[in-house]
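*Asks:* Sequence:
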Amino acid sequence: MDLQACTEAIRTKVGDDSGLNATLKFDCGSDGVVFVDASATPNTVSNENKDAACTITIALADLGALLTGQLNPMNGFMMGKLKVSGDMGIAMRLQTVV
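Counting in the UniProt record's numbering, the sequence shown runs from 1 upward without gaps.
The set of hints was computed from the structure by calculation and includes no laboratory data.
None of these values were measured; they are calculated from a predicted model.
A virtual CB, placed ideally from N, CA and C, is assigned to each residue, including glycine.
Where hints are given, some of them may not hold.
Pair ranges (Cβ atoms, derived) [said to hold, decoys possible]: (1) Lys-50 - Met-88: 14 to 22 Å; (2) Met-78 - Thr-41: 28 to 36 Å; (3) Ser-46 - Ser-85: 14 to 22 Å; (4) Met-1 - Asn-49: 17 to 25 Å; (5) Met-78 - Ala-40: 31 to 39 Å; (6) Thr-41 - Glu-8: 16 to 24 Å; (7) Ala-40 - Gly-80: 27 to 35 Å; (8) Asp-51 - Lys-13: 18 to 26 Å; (9) Thr-12 - Ala-40: 17 to 25 Å; (10) Thr-44 - Met-79: 29 to 37 Å; (11) Gly-80 - Thr-44: 24 to 32 Å; (12) Ser-30 - Asp-51: 18 to 26 Å.
Starting from the given sequences, assemble the full structure and let the hints guide the process.
*Replies:* Written as structure tokens, this is what we have:
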């Protein structure tokens, strides 16, 4: 799954009101970022590299696996496939969305 496909998948999952009430960034390194602004309704999803309350650093392939259900978020965290910086509570709420 490429970055654009991941962005569209996240946009679909987040919808207009995800209930996250925060900003979140998936940082895929040199492959780019997916920025979710769920602090206002409607929520927006873009590839802008902005500061976020929570940043999840993850390889693009692992992000694709996460979005398709092939990677469990908690298992991914425990295996070191994703790293969370910033507000961990936002990452925990994300599990209900992704």
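*Asks:* For a quick check of understanding: which of the numbered hints are violated here, in increasing order?
*Replies:* none
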